[in-house]
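Place chains B and C on chain A using the hints.
Residue numbers (my numbering), protein chains in the order written: chain A, 1 to 318; chain B, 1 to 318; chain C, 1 to 318.
Just so you know, nobody snuck in bad clues.
Each pair may be met inside one copy or between any two copies, as identical chains are not told apart.
SDA-like, lysine to any residue: derived pairs with alpha carbons at most 20 Å apart:
no.: 1; residue 1: Lys48; residue 2: Lys113
no.: 2; residue 1: Lys122; residue 2: Pro73
no.: 3; residue 1: Lys48; residue 2: Glu75
no.: 4; residue 1: Lys113; residue 2: Gln283
no.: 5; residue 1: Lys142; residue 2: Ala56
no.: 6; residue 1: Lys250; residue 2: Pro285
no.: 7; residue 1: Lys113; residue 2: Pro67
no.: 8; residue 1: Lys250; residue 2: Asp212
no.: 9; residue 1: Lys250; residue 2: Arg284
no.: 10; residue 1: Lys250; residue 2: Gln283
Since the hints were derived computationally from the structure, they do not count as laboratory data. Bear in mind that the values here come from a model prediction, so they are computed numbers and not experimental data.
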Amino acid sequence: MNTIRTNILASVTFAMAMFSPHTPALAQNSDVSRDAKSNLSKRDNEEKIRLTRASAFYWRVTFNNPPLNIIGPSEVNELTRILGQIEADPDVKVVVIDSAVPGYFVAHYDLLKPLEESTGMKPGPTGMHPVPDFMVRLSRLKAVTIALIRGRASGIGSEIALAADMRFASREMAVLSQFEVGAGFVPGGGPMARLPRLVGRGRAIEILLGADGFNGELAERYGYVNRTLPDAELDDFVDALAMRIASFDKEAIADTKRLVDLASLPPDTEMQQGWEAFITSVQRPAAQARVKALVNHGLQKAGDLERNLGDYTARFGQ
Amino acid sequence: MNTIRTNILASVTFAMAMFSPHTPALAQNSDVSRDAKSNLSKRDNEEKIRLTRASAFYWRVTFNNPPLNIIGPSEVNELTRILGQIEADPDVKVVVIDSAVPGYFVAHYDLLKPLEESTGMKPGPTGMHPVPDFMVRLSRLKAVTIALIRGRASGIGSEIALAADMRFASREMAVLSQFEVGAGFVPGGGPMARLPRLVGRGRAIEILLGADGFNGELAERYGYVNRTLPDAELDDFVDALAMRIASFDKEAIADTKRLVDLASLPPDTEMQQGWEAFITSVQRPAAQARVKALVNHGLQKAGDLERNLGDYTARFGQ
Amino acid sequence: MNTIRTNILASVTFAMAMFSPHTPALAQNSDVSRDAKSNLSKRDNEEKIRLTRASAFYWRVTFNNPPLNIIGPSEVNELTRILGQIEADPDVKVVVIDSAVPGYFVAHYDLLKPLEESTGMKPGPTGMHPVPDFMVRLSRLKAVTIALIRGRASGIGSEIALAADMRFASREMAVLSQFEVGAGFVPGGGPMARLPRLVGRGRAIEILLGADGFNGELAERYGYVNRTLPDAELDDFVDALAMRIASFDKEAIADTKRLVDLASLPPDTEMQQGWEAFITSVQRPAAQARVKALVNHGLQKAGDLERNLGDYTARFGQ
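If we strip away everything but chain A, and leave its shape as in the complex, we get (with noise of 0.2 Å):
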């Protein structure tokens, strides 16, 4: 029984046994979760996260992580870590984010880690999580932060998107979504402070509730994203806009993004309200019994649940 603690479901065993007091999809929750953990072991020597340098002023941040770049703690240890080199470097002027897996940006928070291994993080430099201190600290990178989205960005996918401070997107293969309210909790990273800002309360609430996948053509028309492009062209546009700023002075682009923040960014408390409120809503048995049964379909494995995440979250509710 103690497999059961290899997933995010542990924290609430207590709770879920009143429900399901044989747990058999537990059992084979950790199953997949054990699977997943000697696929991790295999690629131990490889980066998940790469950090490329295009030149002195270009950098880019590459999710590498088959099959679905799933992040959970230790990612987001790497991605803090990369962020503290973007932080002190003195030259990089742009960054670009995209992800080396085909059919995935981010699909979503590791959710087979036991939570303790998340809400037991040290407190990043802001006081906050590590979770929602990454997101406020890429929003105010002095560098420009632009998001390259080819395949399916959803929950913390979508929402390092939104810290970025640009998205292009795939019109042939992006999906964007915020799914989570779809498996019975609140979003961690910030979205319900950040999309109201970005493209209206009431669009923003469909993104939101509606917990369903947006696809490039409807995520630009929405403001989700900066542009949708065709697939083909994408790689060269997003570049050619990074290397155009990279030639800009590092002064003039540092002096405008602090005004443009100064108007545009939520404050830091609803970034810790929201994960406050992801944490106490993971742990509801409602939002545990939409996880198994997601897990028990597929969850976090490549597959048909994965590609089709907004379909199965309808499913499992009331």
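Then chains B and C, alone, in the frame of chain A:
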């Protein structure tokens, strides 16, 4: 002469008398008003606003007050009563607001009733007049609200749609407008507070000060509605979205929405100021003269003027 | 060497001297500046900014300073004088701002004048420098303002359009841009405060830090302008809207706009900070070098560089 008191023009009888001592138009107005009253009494046993429950989780509020779905003090009381039921219900998660009247979501506020009937209403739980009280409480519901707009949504019709969480409109049939400035007065239900936050200052000023109708296509392009759909697909689309949300966890919905509210709702004081500006402005001679001219040409009767309100408002000014 | 003092580069002569002691480019610049001056003197009797009255209610402000509608300290004074007339007039309800110069709404601020001519200007009634003072007073007019954009609106041209209440652009002819970061300095007329509130943070950062031109179609898609119309229809559309608003009641317009202002105008402090950041940044060696290179290649002369400003700014950096 006491028949004058049967419409909203009455409260400034003295001021009007200085401009048009014989008030032939007002006499005509009161005929109109009497006709309207006798029509209303025929329908007293029917519900002018219907509450139906598709399920314990999914409710529907339907305007059913032909021919125009005019909303006056008694309809505001009825809406507030229904709102109380939604607030008190432990299960409801999503509420669709629509109309059973062809051509109209809601035409506008009742301009033929004495102003005292509106100003004399008892404040609601927020301490504000029942109109702004209803608007802010509608936005703060734990349940998600969706306005389904087929036909004209002007004045308070547009304001109720804006107070709802999402808006979906018929491509062929929807026309949204804040016509009030064209009739000489300030909108009272909060669009000055909501529209700039939803569509940006430039388009908000066009809507409010151009004061003309916006069809479904343009309303979507401006972000006035979430999306516009072909009329034949609108009902199914909204129904599917509502059923989807109804399948989610109520606490996850409410906790997520509360944080969206924090990021996007205008302060109540702005809603209150809008209501006060409406009451002050509608009593001015300029507003009285314009409303009188509109009444004389068919305001609040099914017909050409109501179908082309934006055209008519531009005819009676300087 | 004192000819250097005829352009905005002069205030950092000492700093520049350390980088390019022979300043051959500056000598060339001053030739350019002398040519410009003699062109100006030919036109001294003409109005560079025309105020016309279509009626007591509907006025028009027309930039008429060929070939580029450059705005420098004297044009700011002229604009402020006209603004005072609009503020003081008891009747005017709507003001259209347009250009009589083919190809240009307003190219940008005068970069060939000594910086002291700008910094030495007396503060306006808001206590701020006349540039931010003009911008915030333009937005707070009781009258409604409409920018009709045919041709290029860059830098202060874009900023005046953003300070106006609405913007309508020519599909074929309009190009909006905030090119400043590409020239090494921070925009001074408030777009960091306005654009994120108008088009959202992501698109605002693309406009400000991509610093390239946005044609009419894209400007509409981003919400940078209200709407883009075929060039042949633009004048009639704006004229009809202006006449419509001119027919409405002045008090209803002013009271409605005041509440929109409350919900949407940035705090004056953000406008002031933008101006200060411009003044600081334009004096840095990096900005001086970039401006000098642009001047050497044709800045502020009718020709290829001004028509393709976004392309040229990317050529002279690192």
